[in-house]
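K.L.:
Using the sequences and the accompanying hints, generate a full structural model.
Protein chains: 4
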Amino acid sequence: MHDLGHKCGVFAVSDHTDAAELAYYGLYALQHRGQESAGIAGLIDGRIKSYVGMGLVGEVFKTDYFQNFKRARTAIAHTRYSTAGSSMLRNAQPITVDTRRGQISVAHNGNLTNGLALRQELEERGSIFQTTSDSEVILHLLAHPDYDHAEDPWVPALARLEGAFCYVGLTNDRLIAARDRHGYRPLSIGRKDGAWLIASETCAFDMIGAEYYDDVKPGELVSIKDGQLERRFFVEKRNLNTNLAHCVFEHVYFARPDSMIFGRSVHSSRTEMGKQLAREHPAQADVVVAVPDSGNAAALGYSMESGIPLDHGFVRNHYVGRSFIQPSQQQRAVAVKIKLNANRPVVEGKRVVVVDDSIIRGTTSRSRMARLWEAGAKEVHLRISCPPTRHACFFGIDFPSEDELIANQKTVEQIRDYLEVDSVGYLSEAGLLKAVNDGTSFCTACFSGKYRTPTPQGFSKLAAEC
Amino acid sequence: MHDLGHKCGVFAVSDHTDAAELAYYGLYALQHRGQESAGIAGLIDGRIKSYVGMGLVGEVFKTDYFQNFKRARTAIAHTRYSTAGSSMLRNAQPITVDTRRGQISVAHNGNLTNGLALRQELEERGSIFQTTSDSEVILHLLAHPDYDHAEDPWVPALARLEGAFCYVGLTNDRLIAARDRHGYRPLSIGRKDGAWLIASETCAFDMIGAEYYDDVKPGELVSIKDGQLERRFFVEKRNLNTNLAHCVFEHVYFARPDSMIFGRSVHSSRTEMGKQLAREHPAQADVVVAVPDSGNAAALGYSMESGIPLDHGFVRNHYVGRSFIQPSQQQRAVAVKIKLNANRPVVEGKRVVVVDDSIIRGTTSRSRMARLWEAGAKEVHLRISCPPTRHACFFGIDFPSEDELIANQKTVEQIRDYLEVDSVGYLSEAGLLKAVNDGTSFCTACFSGKYRTPTPQGFSKLAAEC
Amino acid sequence: MHDLGHKCGVFAVSDHTDAAELAYYGLYALQHRGQESAGIAGLIDGRIKSYVGMGLVGEVFKTDYFQNFKRARTAIAHTRYSTAGSSMLRNAQPITVDTRRGQISVAHNGNLTNGLALRQELEERGSIFQTTSDSEVILHLLAHPDYDHAEDPWVPALARLEGAFCYVGLTNDRLIAARDRHGYRPLSIGRKDGAWLIASETCAFDMIGAEYYDDVKPGELVSIKDGQLERRFFVEKRNLNTNLAHCVFEHVYFARPDSMIFGRSVHSSRTEMGKQLAREHPAQADVVVAVPDSGNAAALGYSMESGIPLDHGFVRNHYVGRSFIQPSQQQRAVAVKIKLNANRPVVEGKRVVVVDDSIIRGTTSRSRMARLWEAGAKEVHLRISCPPTRHACFFGIDFPSEDELIANQKTVEQIRDYLEVDSVGYLSEAGLLKAVNDGTSFCTACFSGKYRTPTPQGFSKLAAEC
Amino acid sequence: MHDLGHKCGVFAVSDHTDAAELAYYGLYALQHRGQESAGIAGLIDGRIKSYVGMGLVGEVFKTDYFQNFKRARTAIAHTRYSTAGSSMLRNAQPITVDTRRGQISVAHNGNLTNGLALRQELEERGSIFQTTSDSEVILHLLAHPDYDHAEDPWVPALARLEGAFCYVGLTNDRLIAARDRHGYRPLSIGRKDGAWLIASETCAFDMIGAEYYDDVKPGELVSIKDGQLERRFFVEKRNLNTNLAHCVFEHVYFARPDSMIFGRSVHSSRTEMGKQLAREHPAQADVVVAVPDSGNAAALGYSMESGIPLDHGFVRNHYVGRSFIQPSQQQRAVAVKIKLNANRPVVEGKRVVVVDDSIIRGTTSRSRMARLWEAGAKEVHLRISCPPTRHACFFGIDFPSEDELIANQKTVEQIRDYLEVDSVGYLSEAGLLKAVNDGTSFCTACFSGKYRTPTPQGFSKLAAEC
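Residue numbers (the numbering used here), protein chains in the order written: chain L, 89 to 554; chain Z, 89 to 554; chain A, 89 to 554; chain X, 89 to 554.
No wet-lab data here; the hints were simulated from the structure.
Just so you know, even glycine gets a beta-carbon here, dropped at the ideal spot from N, CA and C.
In silico lysine-lysine, BS3-like type, Cα no more than 27 Å apart, as pairs:
#	chain 1	residue 1	chain 2	residue 2
1	Z	K313	Z	K280
2	Z	K280	Z	K137
3	L	K280	Z	K466
4	X	K158	X	K137
5	A	K280	X	K427
6	X	K427	A	K427
7	A	K305	A	K280
8	A	K150	X	K150
Output of the computed footprint for chain X on chain A, the stretches with three or more beta carbons under 8 Å from beta carbons of chain X:
#	stretch
9	139 to 151
10	340 to 351
11	407 to 413
12	416 to 426
P.N.:
What follows is the structure in structure tokens.
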């Protein structure tokens with residue numbers, strides 16, 4: 089329950105009678121990865137048709153979608169986080185274009201670090217850009233006659249890209265999926281009724297009754313045609329399996345708890361984070377409570393390890409959405425309570441350990457801690473299931489700028505004072521890596537500042553939209 | 089997370105500068121009690137103006153509300169559950185009328201057992217009815233010259249009513265609150281910045297930063313004018329405190345866990361129900377999981393008492409709303425999973441105790457249990473934190489008809505077979521009453537069929553809308 | 089093309105397979121009589137169901153209306169002019185109520201002069217009023233046991249009403265139409281495929297392919313049951329055909345030109361007004377132009393009689409509707425031109441006679457005359473096809489208050505100066521009556537101040553809504 | 089009042105404080121040229137921002153537009169006719185892109201005959217196409233480094249285009265307007281408060297209080313920067329003023345009557361067409377009526393010349409819009425009458441001359457003639473103010489295919505029989521050219537099939553959208 093920007097989810101289905109329907113439900117399953125626009129492109133009678141709009145899946149897709157796409161057997165889908173208003177509809181994905189190779193449609197999750205450089209190179213050659221999306225960059229590359237002699241033009245085109253990316257693509261005769269060689273973002277392959285599926289998270293397979301088959305490997309290009317799956321690598325063999333950089337924040341916060349990300353249960357990772365946190369930052373307390381829902385699993389782990397009983401210290405209001413009108417200055421504190429109210433009988437007179445997944449700006453956390461004091465807590469000990477978040481992400485997460493990150497500006501003691509709690513304990517980086525059961529393959533740059541791959545020069549938000 | 093009909097929430101504020109704003113946020117706090125229509129009536133320059141509409145609070149109230157009602161210092165508000173479409177806007181509350189005593193506006197939670205009889209009596213005298221709401225009955229009674237000689241016409245008018253009711257009312261010069269003498273539904277008094285507040289549940293006070301002051305007593309009429317609270321009883325002294333009938337289902341399911349209902353924490357009641365359930369129906373199991381969010385507290389209690397660890401076995405999708413388009417026949421199972429997906433790592437290979445608050449028709453429960461099997465559960469033991477729900481409610485809850493209630497049609501063994509689980513255990517009535525800490529004052533007729541007050545003859549849905 | 093308030097149109101159909109559809113198209117035909125709300129009540133399986141909403145017919149009725157009402161064979165319909173916003177939906181008609189006589193639904197065009205007195209009398213007896221509509225008054229009267237011994241309770245109820253009214257009503261077994269004994273507003277009977285129809289204007293019959301049968305006579309109650317039309321008078325014989333008061337403004341402005349109103353073609357009346365105007369106020373001019381569309385027919389008549397050629401001096405923009413955003417102060421003159429632009433080649437260097445139907449406040453006329461000057465007119469002579477509008481209407485037209493009527497405040501010479509034209513000529517009252525071919529039966533009080541029937545004491549807008 | 093597709097209107101304003109407002113009102117003035125989408129692109133702080141949407145101007149632009157664009161001093165605007173649904177929003181204009189020359193935004197009225205060929209050429213070079221609009225073609229040309237050495241890249245880019253086009257364009261530092269060398273579509277320059285304006289029709293200048301300055305000449309490129317207007321030709325001198333091809337249908341039907349098109353008043357042209365028609369096809373008749381509003385001016389001319397009096401034989405319903413639900417099979421005739429009802433007193437027992445501007449498929453005309461018979465006409469003589477419409481337009485008008493054009497399939501006698509009228513008379517081509525006062529510069533190919541410039545090979549709707 090955060091104001092952090094998720095950065096898109098992708099989904100695809102090849103050769104299934106109910107493709108239009110499965111794509112729709114697949115987007116519902118990935119809605120947590122992006123709430124600003126949604127779209128589906130489907131293959132109907134050999135032509136790609138698309139349906140995109142601003143808003144939640146339930147707002148974008150009307151019954152005419154089902155009527156118009158019911159004959160589609162192959163489709164790609166996208167749900168997107170964005171910063172802008174109605175004028176940014178052009179950025180909604182999938183983006184579908186006409187090229188000399190026929191139609192191509194692409195949907196993307198990630199962020200290219202050489203996106204701006206590629207745009208400039210392409211513009212120099214005469215390309216025009218209608219969006220600020222990295223999906224448009226790959227389309228320009230694919231359309232170019234340079235790659236005419238390639239066995240598959242996607243191979244040299246993808247090889248030009250640097251940074252984090254997961255693509256699903258559609259042409260007039262096949263479905264494509266590709267993932268950057270560092271494996272920054274998750275992308276998995278599933279099966280249902282003999283059809284092939286692709287999704288950002290495995291929870292989408294569960295929800296539509298499909299089975300997990302494998303991950304798209306880092307550096308891999310998957311091509312599905314006539315029911316056959318072909319897999320090849322678009323990077324040279326010597327570069328494979330070097331310099332992996334799985335985003336650890338997918339496990340900390342982004343992914344749904346019922347997903348398997350990078351081969352590991354997110355729920356299990358989070359429970360382990362909570363246990364590890366209890367070892368690193370024990371507290372003398374009466375009750376452990378979670379900030380719902382992002383802190384649920386870690387709070388459970390903290391309780392298990394510490395033996396301090398878990399209880400439901402906050403009640404979340406499920407009806408607060410975008411139509412909620414912010415209170416006046418006088419009643420401003422109301423807004424936080426309407427969304428998340430402290431449950432007095434649980435915390436009154438108690439020493440409370442409260443577990444959350446992260447602290448970004450600090451303002452929301454501060455307000456929540458105040459709710460616990462108002463509800464009569466005797467002590468408040470805040471535990472965070474990752475290290476202090478101090479650095480920008482250039483690989484697909486929309487953190488605020490570094491000077492807005494509280495941990496970039498203050499020490500842990502200063503944070504404790506600012507939040508007005510008795511103690512603050514962050515999970516260590518080593519503890520976090522232990523919790524995700526892997527000491528080597530994760531990117532932890534948002535905590536450490538140590539980027540595993542080059543960051544863009546002259547980084548611009550313009551080129552950063554997923 | 090149910091398809092049971094809640095039956096309305098009421099809220100009121102007297103003499104506060106931000107009355108319009110507080111009423112709006114108060115409705116957000118009570119949104120769980122009714123999602124079909126919402127309305128506010130406020131006193132502006134001595135005249136009552138109202139703003140009502142179909143839908144959620146966030147859909148009904150636009151910025152023009154805040155502009156038009158900002159000078160209101162006194163207001164009543166209502167959120168309502170209903171069965172009908174746009175044509176039923178006339179039933180949205182508060183209902184405001186012109187009478188010989190000036191304007192009167194009323195909002196209601198409950199169900200009159202003599203509503204139909206009173207309508208017929210009033211129609212015989214020449215009254216016309218524009219709604220099917222019990223609020224209109226009290227308005228006709230109040231408007232009648234019969235009560236001209238009464239010190240306060242609300243007293244004889246309220247004395248005519250039988251069944252369950254909580255009213256908030258507004259006239260050109262005062263605010264009213266009244267509660268039936270059996271105390272079926274909750275109604276509380278709060279304070280904020282010197283102003284008086286009324287709400288169906290105390291969570292509304294918490295959320296707007298107000299303090300709980302007292303309950304409106306069964307049989308009591310509260311009148312607030314010029315900042316003064318006057319309390320009197322509209323029933324004869326000998327009838328007070330006899331035959332109380334607090335609705336136990338408020339504790340089982342309806343009320344928010346952060347409310348104090350009938351003087352007791354709902355969360356505490358539910359946790360106790362879970363503990364008691366563990367004593368009555370123990371299980372040899374590896375993990376306890378809740379059906380979120382209604383089973384959360386009881387699952388916690390079950391885990392505490394049994395020592396079996398709690399875990400998050402289901403993940404709820406917060407984006408599924410009214411715009412969700414139901415899947416085709418082929419993909420029907422998808423709908424349940426999209427809303428509530430089993431979390432495989434938690435249940436796979438495990439003996440699972442799953443705790444929910446009630447079983448109504450059984451279809452939803454059956455589908456959820458199937459999700460656990462699909463996710464690899466080894467055994468499934470369903471535990472319900474109340475007795476089998478077998479009988480109609482005539483006092484404000486919209487149960488389906490008795491022949492749709494699975495527990496009215498099947499034995500517990502048959503229910504177990506229908507749900508395809510290893511065991512089903514319902515909390516006993518005695519255990520439930522122990523959990524709510526009171527052996528005498530609760531109505532448990534939906535379990536026992538023993539109604540504490542007369543039920544209507546020729547009961548008609550027409551007269552039953554809250 | 090005016091900002092005058094029309095005051096409602098009514099339509100009804102009895103016993104036709106396509107009743108729901110005919111009611112919908114009938115409302116389209118009467119949309120010019122009211123644009124603020126629309127509604128239809130139909131008889132389905134012996135029960136009255138209604139569908140009402142704010143806005144134009146095309147905005148209110150969606151496809152679900154056709155689905156839900158397709159089995160209705162009898163229906164009444166209403167389109168309404170109003171001054172208020174969404175909160176006034178309760179005033180939308182038809183109004184449907186439950187009474188001791190079963191359901192009754194009523195729709196109304198007119199204005200009761202004793203509406204307020206009747207409300208007070210009814211309130212004294214205990215009635216409550218939920219709307220400010222005169223339709224609610226008749227419903228309360230009908231519901232009263234006083235009239236139990238009447239052969240038909242509508243007779244004594246209608247006899248209580250004074251002022252202007254046309255009702256269509258629906259009960260569980262018959263359709264009703266009634267018109268006040270002065271015949272202020274039009275109401276006609278039509279036939280189609282053996283079914284009976286009622287409409288405010290005969291153009292509705294034309295448009296749905298029905299035939300005009302007769303007018304509902306002043307003082308008459310028409311009752312249609314089982315396909316049989318029964319006609320009776322609700323006033324005593326000696327009061328019939330005395331003191332007729334047909335609204336002459338229906339011929340001047342309100343009614344559609346293709347309607348027969350009070351037995352005479354509106355288009356013919358208006359053409360005659362133009363001819364008469366040419367005789368009374370000739371001009372030395374080069375061209376006659378109309379203010380479209382309200383001045384079209386009178387301009388034609390003026391041209392015919394004077395021999396001065398007609399031309400199209402203004403072009404109307406058909407796309408300006410309620411969503412038009414008013415210009416800033418700087419560009420304010422733009423708004424008038426966007427709606428109605430002068431056609432330069434027609435007026436440049438010409439002496440122009442411009443014909444309109446009336447001048448209300450004068451501001452719109454002034455702005456239009458300025459457009460002619462800007463387009464190069466050499467002289468501008470304004471001709472108005474009725475006398476100066478000086479007095480309030482208490483019988484169903486929503487004129488502004490008398491001090492806003494320019495002709496109540498200024499002499500014709502002052503009006504000429506204010507409008508900045510070379511001359512202004514109003515049709516005389518005698519000339520107007522000649523044009524409508526009747527010297528005796530018309531109310532011309534808005535010009536003369538001579539009201540043919542009593543006006544209300546303490547006239548209140550509250551009771552005046554049609 | 090037709091179902092012919094208009095093909096877009098463009099508007100622009102350079103360096104005016106109220107540019108955002110003027111662009112909005114300019115679009116209202118040109119709404120008749122396209123009702124499917126609307127858009128504005130404005131220069132704010134040196135960056136181009138755009139606001140586009142599906143629907144009428146009044147539906148697309150909300151108050152946030154005025155807030156966000158109030159600092160724009162230069163803007164281009166577009167209103168568009170289209171055939172498709174929500175998925176075609178990408179085709180809405182202006183289209184704004186990033187290129188190596190900075191941002192460019194373009195809006196277009198017309199149709200390129202080499203659009204498809206240019207797309208293929210550009211795609212071969214690697215361009216990707218996101219729309220089916222000719223605006224995208226010019227953008228790709230402009231972006232190409234080929235034209236780096238040109239003094240102004242618009243000159244060689246425009247020189248590549250064949251067919252009909254009028255562009256307004258915006259870059260980060262100037263405003264552009266250009267018109268094809270044949271002058272197919274109108275494009276004019278205006279002035280207001282020292283600022284420069286561009287519009288498809290001069291009526292837009294009138295409506296916003298601006299003055300007409302000049303036409304953009306065929307083959308001319310107008311560039312406005314820092315308040316200075318620069319004019320140059322993008323075609324070689326020897327090709328100027330050869331082979332002009334003004335679209336005569338702009339005078340017959342498309343343009344507003346208050347516009348000056350190709351230097352001549354549309355209203356005057358149409359009145360002359362009516363006079364000429366009376367000379368070519370006289371009739372023994374009692375009354376002349378127009379099909380409103382498209383036949384108004386020609387009917388006036390016919391009446392003037394023939395001496396047969398004009399009258400208003402049809403009444404148009406101004407409330408029928410896109411929300412009108414078509415009647416069932418049984419009541420189908422209703423739809424035509426609701427839109428346009430014959431006025432019985434005008435035509436009953438009369439020999440009627442009815443004047444319209446054109447007959448496309450014939451179905452609508454046939455239905456209208458039937459209305460005259462039903463209203464009692466004794467004879468019906470249809471007169472059309474242009475020759476039979478027999479051939480496709482490749483230059484910006486969306487006629488149906490040739491086999492749907494009634495005049496392509498039937499002789500005039502057969503048309504008379506099909507329409508069930510006494511006579512049909514079409515204006516001759518010579519008469520039409522006389523009426524528009526020019527024998528040489530007009531394209532009349534839709535009548536004659538003689539195209540003045542090459543038509544596209546493999547003409548495809550895909551490349552034809554304006």
